[in-house]
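Chemist: Take a look at the letters that make up each chain.
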Amino acid sequence: MRIPAIRKALAFVWRDFLNEVSYKSAFVLHVGSLIFSVGIWFFFSAFLQDNLKEKMDSLTGGNLFAFILFGIAPFSYQQVALSAFAHRFREEQVTGTLEAMLVCPTRTSMVIFASALFDFLFTSLRVVLYILVGVGFAHFTTRPISLHMAGLAAALVIFFLMVLTSVGVGIMAAAFVMYFKKGEVLVTLISSASALFGGVFFPAGALPRIVQPLSALLPITYTTDGVRRALLTGEGIVDLLPQIRVLLIFAAVLLPLGLYIFRIALRAARRDGTLVQY
Amino acid sequence: MPAAISVEDLAKSFIKRRSLRDMVTHPLVKAERVTALDGVTLSVAPGEIFGLLGPNGAGKTTLLKILSCLIIQSRGRALVNGYDTLADEMRVKTSVGFVTSDERSFYWRLSGRENLRFFASLYNLPPARAARRCQDLLDRLELTDKADHAFMTYSSGMKQRMAVARALLHDPPILFMDEPTRSLDPLAAKHLRTLVTDSLNRKEGKTILLATHNLSEAEELCSRIAIIHKARIRRMGTLAEVRSWALARERYVIEVSGGDGFAPYRFDGGRVEVDDGAAEGPAPHAVRLRAELDRGGAALTHVLRDLVARGATIVSCTRYEASLQEIFDMTVEEGNKPA
Chain G
4 MRIPAIRKAL AFVWRDFLNE VSYKSAFVLH VGSLIFSVGI WFFFSAFLQD
54 NLKEKMDSLT GGNLFAFILF GIAPFSYQQV ALSAFAHRFR EEQVTGTLEA
104 MLVCPTRTSM VIFASALFDF LFTSLRVVLY ILVGVGFAHF TTRPISLHMA
154 GLAAALVIFF LMVLTSVGVG IMAAAFVMYF KKGEVLVTLI SSASALFGGV
204 FFPAGALPRI VQPLSALLPI TYTTDGVRRA LLTGEGIVDL LPQIRVLLIF
254 AAVLLPLGLY IFRIALRAAR RDGTLVQY
Chain A
31 MPAAISVEDL AKSFIKRRSL RDMVTHPLVK AERVTALDGV TLSVAPGEIF
81 GLLGPNGAGK TTLLKILSCL IIQSRGRALV NGYDTLADEM RVKTSVGFVT
131 SDERSFYWRL SGRENLRFFA SLYNLPPARA ARRCQDLLDR LELTDKADHA
181 FMTYSSGMKQ RMAVARALLH DPPILFMDEP TRSLDPLAAK HLRTLVTDSL
231 NRKEGKTILL ATHNLSEAEE LCSRIAIIHK ARIRRMGTLA EVRSWALARE
281 RYVIEVSGGD GFAPYRFDGG RVEVDDGAAE GPAPHAVRLR AELDRGGAAL
331 THVLRDLVAR GATIVSCTRY EASLQEIFDM TVEEGNKPA
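So the protein lines, in turn, are chains G and A.
The numbering of the first sequence is our numbering, which starts it at 4 and goes up by one.
The numbering of the second sequence is our numbering, which starts it at 31 and goes up by one.
Just chain G, with the same shape it has in the complex (with noise of 0.2 Å):
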């Protein structure tokens, strides 16, 4: 990346810094509301924990609440990547900026890019909290989580590619809303199918079987598993190979595939005259 693209990426991080901690108490309850929900976490997981011994020893690392953990860190920034290029455009495009900001020597696709870049750190420091608070809470426990810093490496390839993944649908999403002026649809779909079929809460072999093949569908299935077992049994990228060649497919497929839709959406938006319509 060149410098001044850099520049122009850290030109709308600082912005969207600026704008979030304008609106100071809503910056401090949410991170207030991010212990609160770890906090139901894991009391919800203590208690089935306890009452459901013998299906949790076969939860990968054996522990409810770090399974659940390190489901919900994934599917967060899976969340980010679907949605923050969309909200971003839209949100641009009806608080009126976005003209403004097209009438520059900057390309639409770094307008869009750099706009979502806040969102990225913002949920890093977010999952990162997360996890902190998480393993915090379990520590003072008899069931505290044992990180296992070898899997490290295999958890971040995984996460870099399943981002990219999502990165492919969430640009998809954004031409969408340039075009159609509605993106959200695919969004909550992908969502929604994530939570439920992708093992973010519950393993995926839970499911009935007749639906267990769509949780195969699914980028996040295979992320939060190869997370967990990277994390919480410490496999490394060999033993991972299997979840890493998958997400390695869907990346190569979505992620030219989004970038091709929202070419031929700009041009088509700024042929018809709708780029800054909403």
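By construction, these hints were calculated from the structure, which means they are not laboratory data.
Given the structure is predicted, the values throughout are model-derived calculations rather than measurements.
Accuracy of the hints is not assured; some may be wrong.
Below are the DSSO-like pairs computed for lysine-lysine, each with C-alpha atoms no more than 27 Å apart in a straight line [as the list claims (entries may be wrong)]:
{"id": "1", "chain 1": "G", "residue 1": "184", "chain 2": "A", "residue 2": "46"}
{"id": "2", "chain 1": "A", "residue 1": "367", "chain 2": "A", "residue 2": "46"}
{"id": "3", "chain 1": "A", "residue 1": "233", "chain 2": "A", "residue 2": "220"}
{"id": "4", "chain 1": "G", "residue 1": "185", "chain 2": "A", "residue 2": "46"}
{"id": "5", "chain 1": "A", "residue 1": "60", "chain 2": "A", "residue 2": "46"}
{"id": "6", "chain 1": "G", "residue 1": "184", "chain 2": "A", "residue 2": "60"}
{"id": "7", "chain 1": "A", "residue 1": "60", "chain 2": "G", "residue 2": "185"}
{"id": "8", "chain 1": "A", "residue 1": "46", "chain 2": "A", "residue 2": "233"}
{"id": "9", "chain 1": "A", "residue 1": "260", "chain 2": "A", "residue 2": "176"}
Please build the complex by placing chain A on the supplied structure of chain G, with the hints as guidance.
Modeler: Showing chain A alone in chain G's frame:
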């Protein structure tokens, strides 16, 4: 010298959006198209202030958006600072500053300075240069006192000056201004017009394309104008040229006293009428006549000689200039007539 802006046979039509019901009930009917621009050709010289006039929906904003690379034309070619809007998008955008009257085009919770710094990065200004340039513009546009206050606390006049400051960040040779004084009070509007003419145009030699339906503003600022109506340029030229179209004959108001009564009459060089319904009465004991005469002076000489011969004293004789408003109304009326 090559033109700053050159537009050749530019046309743009949009597909009219259909309702879902219409699409279901008439799936095979071809979508209707709305023509926004049709065969527009114009050229703006470097350093010129050129006015685009027209009623709402005439096509002014569509033209500005094509020139800013926000919309792709259906036909024709547009060059800005010598760069093609289709082939050289980034160079076009580097050559142009866009002043919009939309206050919402800023981030309201950020300060004026933070807004300008953000947009400076989009204009590829390195941080140190951006900081200096922002400060220069804040000083020049008298915004320094409130530069670090949230944009939402600014008055309309300050917001509009911020729009000008943003357009000048990269010091472009060409400015597009879309209704820049629309939301300003008369004093703020006057200040902005002075800035445009004295500073931006005369001192810095910037070319300015001004879209407006404020006719007195166009009259005050523009060296040439184009009146757009229903997607086409109906009149174009200097104000004098456009006026000469509007009034094929010259008009005079002649006040006379004495003489043996006046009646309307016609002759080869024009016609003379008695003005009974003047809002302000003529001088005491004087009669006001309105004459519509051929250009060149011969017809006027003929009328004045005739009046003197009839024993009248010429109290005053004033040539009547059509206002831009009248020309505009005539143009719109002409455009509305069925073909």
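Chemist: For every hint, state whether the structure bears it out.
Modeler: Now for the hints, and whether the structure bears them out:
1. 184(G) x 46(A): holds (16 Å)
2. 367(A) x 46(A): holds (24 Å)
3. 233(A) x 220(A): At roughly 18 Å apart (the allowed maximum being 27 Å), residue 220(A) and residue 233(A) satisfy the hint.
4. 185(G) x 46(A): holds (18 Å)
5. 60(A) x 46(A): Satisfied, since the Cα-Cα distance of roughly 10 Å is no more than 27 Å.
6. 184(G) x 60(A): holds (22 Å)
7. 60(A) x 185(G): Distance of about 24 Å is within 27 Å: holds.
8. 46(A) x 233(A): It is violated: about 45 Å lies between the C-alpha atoms, which goes past 27 Å.
9. 260(A) x 176(A): violated (43 Å)
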